[in-house]
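Student: Sequence:
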Amino acid sequence: MTDTMRMDGEFVAHTYSRFPVELVSGSGCIARGSDGKEYIDLGSGIGVNAFGYSDGPWKEAVTAQLDALQHTSNLYYTSPCASLAALLCEKTGFSKVFFSNSGAEANECAVKAARKHAADVRGIASPVIATLINSFHGRTVTTLSATGQDKFHRDFQPLTPGFIHISPDPDALAPLYGMKDLAAVMIECVQGEGGVIPLEKSFTDALVRLRKQTGCLIVCDEVQCGNGRTGRLYSYEHFGFTPDIVSTAKGLGGGLPIGATMMTGEVASVFKPGDHGSTFGGNPVCCAGALSIISRLDEKLLESVRRKGKMVFDRLSGAPGIKSVSGLGLMIGIALERPASEVLKDCM
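Numbering (the numbering used here), first residue to last: 754 to 1101.
Zero decoy hints are in this set.
Derived SDA-like pairs: lysine to any residue, alpha-carbon spacing no greater than 20 Å straight-line: (1) Lys-1076 / Glu-1095; (2) Lys-849 / Gly-1030; (3) Lys-1098 / Pro-1073; (4) Lys-954 / Lys-965; (5) Lys-790 / Met-754; (6) Lys-869 / Thr-913.
Distance ranges between label pairs, derived from CB positions: (7) Lys-812 / Gly-931: 52 to 60 Å; (8) Lys-1053 / Pro-914: 40 to 48 Å; (9) Cys-782 / Leu-1089: 18 to 26 Å; (10) Pro-1073 / Gly-931: 47 to 55 Å; (11) Gly-1074 / Ala-872: 49 to 57 Å; (12) Ile-1075 / Thr-768: 29 to 37 Å; (13) Asp-761 / His-824: 23 to 31 Å; (14) Lys-965 / Ala-872: 20 to 28 Å.
By construction, these hints were calculated from the structure, which means they are not laboratory data. We put the CB at the ideal spot given by N, CA and C, even for glycine.
Given only the sequences and the hints, what does the whole structure look like? Please build it.
Tutor: Structure follows, in structure tokens:
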């Protein structure tokens, strides 16, 4: 046990089951441990290190901004914040962006925007948001409430009201047509914590029809599956529709904490000064890092993600010891015949 492991065990809250490895440096997809070993990081820091460890252009952008201005209040303008918002809107067609620090916070903003839109535009006093069974939207009390997995609800009652959970099946949308208080349906196009399972296009097509007939919003949680990970800039592009609200984080900052909630004009217009905020949201250093990431997620790179993902699927599907392979692009889940923990231990 290293000194770091000892101090961590004594002083850090025990909310993680860590592997017995202390990482000290890295480059590209290779992480280096204090034990002198090199490890291939197939998880990219759980979808965060979009261009790997110690990425040169990202480091240059972040360092340059650190030398200029590391933080200021949101009472003032900064170029990285404005430029990142403009680039995201240019690439997606959305109208406005709210910046926060994490995926959970981006989803909190999405929930608040959907509720305020329901109240202001549609006159709904107690809006309801439908989410999917096996979804995962964060660990705040409200995003836990949105999460459609009971195991995350235990010990944290009472949860925030106003959420129902449905199956990702077109037939499950039928009862929603009669709900006058339905504000939105919130989905992950690839359910990450739910097993790395892409939705069926038949479901998203049915969801678009529901939106058209009822006026409810579609909210896409792109925290895990966004920012190029599935081979499109955002995973909803695989399904041929545009949501009303998109939340994202993780790979957006390339290793710095940043969340973003993108909204169409009608939705964004319900927010007025004082309705929402974040002390560190739009931090110039984090935004400078994100600008470096988003500006380089071009079609050439996205095509390579799709090509590499296909290679993994082709090589592993039906291979010995593997039950199934699922996902999109390089967001891939593998069901094994052995416990995953045993395989991880052997690999390490």
